[in-house]
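Following the hints, position chain B against chain A.
Read top to bottom, the protein sequences are chains A and B.
In this note's numbering, each number is its position in the first sequence, counted from 1, plus 14.
In this note's numbering, each number is its position in the second sequence, counted from 1, plus 8.
It should be emphasised that the hints constitute simulated quantities derived from the structure, not laboratory data.
Hints should not be assumed to be uniformly reliable.
[As the list claims (entries may be wrong)] On the chain A side, residues computed to face chain B include the following (Cβ under 8 Å):
1) LEU91
2) TYR96
3) GLU177
4) SER180
5) SER182
6) MET185
7) VAL196
8) ALA222
9) GLU228
Every residue, glycine too, gets a C-beta built ideally from N, C-alpha and C.
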Amino acid sequence: MIASDPLSPLPGAHVHAVHDEFHGDLLEVSMGPHHPSTHGVFRMMVTLDGETVVKLKPVFGYLHRNHEKLGENTTYLGSMPYTDRLDYLCSMTNNWAYALAVEKLAGQAVPERAEYVRVILAELTRLLNHTCLAGFLLQDCGASGTPLMYAFREREKILDLFESLSGSRMMCNYQRFGGCRVDPPPAWLEAASRLVDGYNAFLDEYEALLTGNEILMARTQGVGRLSAALAVSAGITGPMLRAAGVAYDIRKVDAYGIYPRFDFRVPLGDHGDTYDRYMIRVLEMRESIKILQRALHELPAGPIMDPKAKLRGFRPKPGEAYGRIEGPKGEIGFYLISDGGPNPYRYRVRAPSFVNLTILEDLCRGHTVADAVIILGSIDIVLGEVDR
Amino acid sequence: MLGSGLIKGLAVTAKNLAGSFHDPARFVTTEYPEVKTKLPENYRNFPFLVSENADDPMGTLRCVACQICEKECPPQCIYIEKSKDKKPDAAGKMQLYPAVFDIDISVCMSCQICVEVCPFDAIKMDQVFEIATPDRFQPLLLDRNQLAKPNSYFHEVHPTEAAEVDARLTAERKAAEEKAKAAAAAKAAAPAKPAGAAPAPAAPPSTTPTKPAQAPDPGSRRGDEGSAEPSKPPPPAA
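Next comes chain A alone, as it looks inside the complex (with noise of 0.2 Å):
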């Protein structure tokens, strides 16, 4: 039996040792909030039998900036751009989430082309993640540098035409209630197409760099394994759960915007465990390739903005809405219930690397703790979005 209880934290003691009567004393260590492993201001209370995590408490809120408040007390358009610094590496599909729910809430129609740009920079923002992902994944495993460094140079290429089509490399505030802010030139969508058409040559040179490698797989195979059943009941969504075999893409189940129209396919693991998140970014980062080019292939001529969407003075009559998208990290979703005022009445994000977060003690238990660093880093979260 344990003495005390492990899990309460002595004020300003970093470690402190539990008498346990069976098992040799337990040791109590704080990992974080300052600490390059956890993505952030993020703690990991743990608790160790030797080397191995017994227990692991989660400790967030460090980044905590009442986001939620905040959208219930500025206008519907004044909280596109704090929906930016939510998962601040995908601006873009944050924006598309929180524009899908006013437009749900307003009844606000979208010209096509916009549906086209919106998925195009969806898909886009797809990519910049899940290379981000694998880079610090890597970073996690002890790879310092290389694969981080191959991942930025190619994430740095997306965040050149995001610059120069929004303004801003990451905090976009792009998309508006029935449209995009910008049209974007033809320069910049042959830019866009040659990255795109670029993109299956430098996974193939990351795959060649890692997906074989002896260290990686030993490192991550078996290592946090989540069953379909637990990811289902925690409401897991996203590479994680698709990772455990669960065929759930809210782009298949929802089709919204124009993603029937596109042909791809959605990839499963068997394992569920930290490579199959892995390998699950790499094969949907392919089938993004392919949306991507035909989109940009497809794109049509028109309007990005509906003639009749309204930029100030927008009060949506009293109601509710939910919109969703599937993000890069999951089911990225804003609750929204207006009253018929310019502030939404309720304002509520339904975050997915928040959501994916809560099972990180079933994931570490039993494993090592350099194997709780890279389920950590498996799991893809921003903590911009999990505190919000």
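Coordinates of chain B only, in the frame set by chain A:
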């Protein structure tokens, strides 16, 4: 064979290392302070106020202190005080001007919403990003003198947008002038020929182009061009 994956990976790194010396596609970094990359035209960071004339920036600000940007700014970083008196704007119409216009760029999050909601094309996004200061507060609180930049500067940083804005404003001013001329002619003709025919050709009512995808603004001057004071010649800008 165990280790073949490793060797394959090492071949990739070797290729990248060699490539970084001769292949420009693999040599992606620049030595920043010495070499500066060209910013894309759409790049934005902090707002500035457009003035028509570089010699008299305070007298020719396009801003009429309508305070729409102040209300719409999500982080509330803009502070405006309206003037007590009026000054003529570029179209000759008497307008208020901002007696105080402050932007706290330590609060500003560069979202560009002020630019999008401005009905007067008076506030635009700048591209100056090397603004680090040793002090947290005063140097980052910009007043209207620091914010005012001439239209020629706007043309420098955002040429496409500036050309489009200029074309629109010129058309609007021309329409307003014609309307004013017509109104003046009508006024002059009315007492002379009280029973005459239609006094003057009506000004084309719909030549004023509106911003695409923007709702008509109650605070916009486009709605009340008729109330301009055309008979008085515009006094010289102070």
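Check your understanding: So which of those numbered hints doesn't the model satisfy?
Key -> none
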